[in-house]
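Novice: Working from the sequences, and respecting the hints, build out all of it.
If you read the protein sequences in the order shown, they are chains A and B.
Quick note: to get the numbering used here, add 12 to the position in the first sequence (first position is 1).
Quick note: to get the numbering used here, add 12 to the position in the second sequence (first position is 1).
For the record, the hints were derived by calculation from the structure and aren't laboratory data.
Careful, some of the hints might be misleading.
Treat identical chains as interchangeable: a pair holds within one or across any two.
[Stated by the list, open to error] DSSO-like mimics (lysine-lysine), calculated; alpha carbons at most 30 Å apart, straight line:
(1) Lys299 x Lys229
(2) Lys134 x Lys299
(3) Lys299 x Lys202
(4) Lys299 x Lys201
(5) Lys229 x Lys150
(6) Lys134 x Lys150
(7) Lys229 x Lys164
(8) Lys273 x Lys134
Please read all numbers here as calculations on a predicted model, not as lab measurements.
2 protein chains.
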Amino acid sequence: MGYFPNPIAKKLMQQKTFNIGVVVPEFVNAFFPEVIIGIQQVLIKKGYQVLIMQSNESYQTELSNVHTLVENMVDGLIISLSRETSNIDFYKSLIDQGYPIVFFNRYNDTLPASKVIFDDAKWSFFATEHLILSGRKKIFHLSAYQHLQLAKNRIKGYKMAMDKYRIAYRPDWIIETGLMMEEGEQMAKKILKSDNIPDGLSCANDMVALGAMRGLKEMGIRIPEDIAVTGFTESPFAPLVDPPLTSVLQPTHEMGEIAAKLLLRHIENEIAQPETVILNGILNIRKSSHI
Amino acid sequence: MGYFPNPIAKKLMQQKTFNIGVVVPEFVNAFFPEVIIGIQQVLIKKGYQVLIMQSNESYQTELSNVHTLVENMVDGLIISLSRETSNIDFYKSLIDQGYPIVFFNRYNDTLPASKVIFDDAKWSFFATEHLILSGRKKIFHLSAYQHLQLAKNRIKGYKMAMDKYRIAYRPDWIIETGLMMEEGEQMAKKILKSDNIPDGLSCANDMVALGAMRGLKEMGIRIPEDIAVTGFTESPFAPLVDPPLTSVLQPTHEMGEIAAKLLLRHIENEIAQPETVILNGILNIRKSSHI
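Specialist: Dropping the structure here:
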């Protein structure tokens, strides 16, 4: 093994291109590919190349990915953290040295870095409020991995809605489930086997909601008659499933575009202090959540 | 702008990592992210980093991507061509110089390169045959961009099935549609507005099939009673839509794994001559295609 010593590569080395590295935690959900499309649309126009690496939700892989991109001398980084990432020392040292870096979606709020995030608490509040206004009282929240900031914020939104309508929810109504379809399906089946059955499920994302719907349907539960379901992070399939899934549309392309523009402003030294952009969404109400 | 001169990067430069570049045409369909997960599973275990670039179906972007990866001295490339790519001179020169390169899914069969492909003709034949055996006679094929080899092969499979059952199809029953959901939806609506209505649609992929189903349903057509539909390249949503979509499952992870293993054998000089691996699938029959 070794570097490939070819004349084309040598010639190209002299035509400097500008490269941006993008590191995402996973490729299973459509969310990250969609954000990347937004990032790329901005950067290609400006003559940048985009190098993408995915971390498979592993901190070690993420760290290797970031190292590789820095080694390959990218001019800036756009990152969404893996679910394992709690050690942020390397990011801190990059930021301290003035390395241009922007976080999106999954971030660590102790890092003094620019970030583009979604107003998860507000929109989780709206989704849960919609279930309450549709007559549901015993609403469970299937949460994402709870150390993620987005999971915390979506739980916060759920609690705000339950509190507003004075519904005395119990702590075990908030159930850590994950972000994958299989996790939603298994959790729905587990809940149905217990003696603690909800009449509504507010899910942390669409994949969990779609998995839960599959589990509920397999066990003969009617959606929404027996249990109403809402998702989050609208997938292109939300309107197509049976019944169509109520979901919060996040502006994925816009999130990518804004992250890319923010990074360019850092690279071009237009801003020195970190900026935070908080995006809003749309609650698309469909049949899964109301009769 | 310029390379970031930090001590961490300099230190890392001395710890050589081995990098593989992956270039894919698009990120809109789940297919390419799934193949990349398979590629990465093999390569991470072997200590390789995976750098991904997407071409947005543009030949110019693809060429820039490949240049950037060669400039950044990746040790090998795994590529699926954009729909625009017809000029293959650069790939030819890389291969002639012995650069390790493996194509998957979308390739150019004049290139003397290793590739991992799907037996599109065979499985398109099975999907169309299933529609015929379910009683359909006027089956249209919504094809992918027809200069793509996979589009040609899926058309070939459709024709083989129609010929086998002596159904006298007309050339205008094969309609170039694309690979995106919107394209399927628009084509379905266009067909319904004509006076030439099929009783079956064999679609080049699931996104086109899902889009077509959306278009048909909006126009009040019953699936499968009025028009039966089959997809291709099973998406995770095929079983969840209404009605569930019959589709050909392609082994996406396996395609990625095999491409990665083939590339490693080229890098380690275990094989000198190009090899072609042809994969098979499964026809998952669901309600969209038969009453």
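Novice: Looking back at the numbered hints, which does the structure fail to meet, lowest number first?
Specialist: none
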